[in-house]
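Undergrad: Let the sequences and hints guide you as you build the complete structure.
Position one of the sequence shown corresponds to residue 1 (full-length UniProt numbering), numbered consecutively onward.
Treat the hints with caution; some may be incorrect.
Stated by the list, open to error - Cut-off 30 Å, straight-line C-alpha distance, at most; resulting in silico cross-link-like pairs (DSSO-like, lysine-lysine):
| id | residue 1 | residue 2 |
| --- | --- | --- |
| 1 | K17 | K27 |
| 2 | K17 | K136 |
| 3 | K91 | K108 |
| 4 | K27 | K91 |
| 5 | K91 | K121 |
| 6 | K108 | K133 |
| 7 | K133 | K17 |
| 8 | K121 | K17 |
| 9 | K122 | K91 |
| 10 | K108 | K27 |
| 11 | K2 | K108 |
| 12 | K2 | K136 |
| 13 | K27 | K122 |
| 14 | K91 | K133 |
| 15 | K2 | K27 |
| 16 | K136 | K27 |
| 17 | K108 | K122 |
| 18 | K122 | K17 |
| 19 | K136 | K108 |
| 20 | K122 | K136 |
| 21 | K108 | K121 |
| 22 | K17 | K91 |
| 23 | K2 | K133 |
| 24 | K122 | K2 |
| 25 | K27 | K133 |
Just so you know, these hints were derived from the structure itself, not from any lab.
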Amino acid sequence: MKRVAIITSSDMGFQGKREDLSGPAIKEIAEREGYQVVSMDILPDDRAMLSRRMAEIADENQEELILTTGGTGFSPRDVMPEATEDITERKVPGIPEAIRAYSMTITKRAMLSRATAGIRKKTLIINLPGSPKAVKESLEYIIGALDHGIEIMTGEAGNCARQ
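TA: Laid out in structure tokens, this is it:
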């Protein structure tokens, strides 16, 4: 069973002033798809704190996948892409490109997403949008392809060619 960590970036959520609905939406989809949710964090929109937590998870080999929600927009406090890029070793541009392309069929505002994805050691990190609706649409669109990528990344599979 593949393991996933969920990190919500939200000042208001961290302060207990807003209920996090996106993290639980990720959890529901991930569990339905056979992932074990090992941790769920709500952190403030703090670049260093977000980076530290993602690096800790990857460095301790706690999970093969980290899914983040929030902090990918234009607000000065939206720093999740930068926090992710600070600690990843390899970029994975196809995932956020696919999410944006699909989301553009739903709303033109998808072009405003600054989400990124990357790999640190043997952990794939993907930024998802902050709204529960957009999280659901995005994650359901990509999750079926993630298993194979994770298997290649962790060495469980060695061939990308279809049989």
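Undergrad: All hints are to be evaluated individually against the structure, with a verdict given for each.
TA: Quick rundown of the hints versus the structure:
Our distance criterion of 30 Å between C-alpha atoms is met by K17 and K27, whose separation comes to about 21 Å. For the proposed pair K17 and K136, the alpha carbon gap of about 23 Å is at most 30 Å, so the pair holds. A threshold of 30 Å between alpha carbons decides the hint, and for K91 with K108 the separation of about 25 Å falls inside it, so the pair holds. Under the criterion of a C-alpha separation no larger than 30 Å, the hint pairing K27 with K91 is consistent with the structure, at around 24 Å.
Between the alpha carbons of K91 and K121 the distance comes to roughly 12 Å, so the proposed pair stays at or under 30 Å and holds. Taking the CA atoms of K108 and K133, the gap is near 15 Å; set against the 30 Å cutoff, the hint holds. Our distance criterion of 30 Å between C-alpha atoms is met by K133 and K17, whose separation comes to about 20 Å. In summary, the hint linking K121 to K17 is not supported, as the alpha carbons are separated by about 35 Å, beyond the 30 Å threshold.
Proximity of K122 to K91 is assessed by CA-CA distance (about 13 Å); at most 30 Å being required, the pair is judged to hold. Restraint check for K108 and K27: the C-alpha separation of about 26 Å stays at or below 30 Å, so the hint holds. A distance of roughly 33 Å separates the Cα atoms of K2 and K108; the hinted pair therefore is violated under the 30 Å criterion. A distance of roughly 19 Å separates the Cα atoms of K2 and K136; the hinted pair therefore holds under the 30 Å criterion.
For the given pair, K27 sits about 21 Å from K122 by alpha-carbon distance, which is consistent with the 30 Å threshold. Taking the CA atoms of K91 and K133, the gap is near 26 Å; set against the 30 Å cutoff, the hint holds. Restraint check for K2 and K27: satisfied, since their Cα atoms lie roughly 13 Å apart, inside the 30 Å limit. A C-alpha spacing of about 10 Å is found between K136 and K27, which places the hinted pair at or below 30 Å, so the restraint holds.
Taking the CA atoms of K108 and K122, the gap is about 34 Å. The hint is violated against a cut of 30 Å. Under the criterion of a C-alpha separation no larger than 30 Å, the hint pairing K122 with K17 is inconsistent with the structure, at around 35 Å. Between the alpha carbons of K136 and K108 the distance comes to roughly 17 Å, so the proposed pair stays at or under 30 Å and holds. Restraint check: the Cα-Cα separation between K122 and K136 comes to about 25 Å, which is no more than 30 Å; the hinted pair holds.
With a CA separation close to 34 Å, the supplied pair K108 and K121 exceeds the 30 Å bound. Pair hint K17 plus K91 does not hold up; C-alpha atoms about 34 Å apart against a cutoff of 30 Å. Distance restraint check for K2 and K133: the Cα-Cα separation of roughly 24 Å lies within the 30 Å cut-off, and the hinted pair is therefore satisfied. In summary, the hint linking K122 to K2 is supported, as the alpha carbons are separated by about 12 Å, within the 30 Å threshold.
Straight-line distance between C-alpha atoms of K27 and K133 comes to about 14 Å, which keeps the hinted pair within the 30 Å bound.
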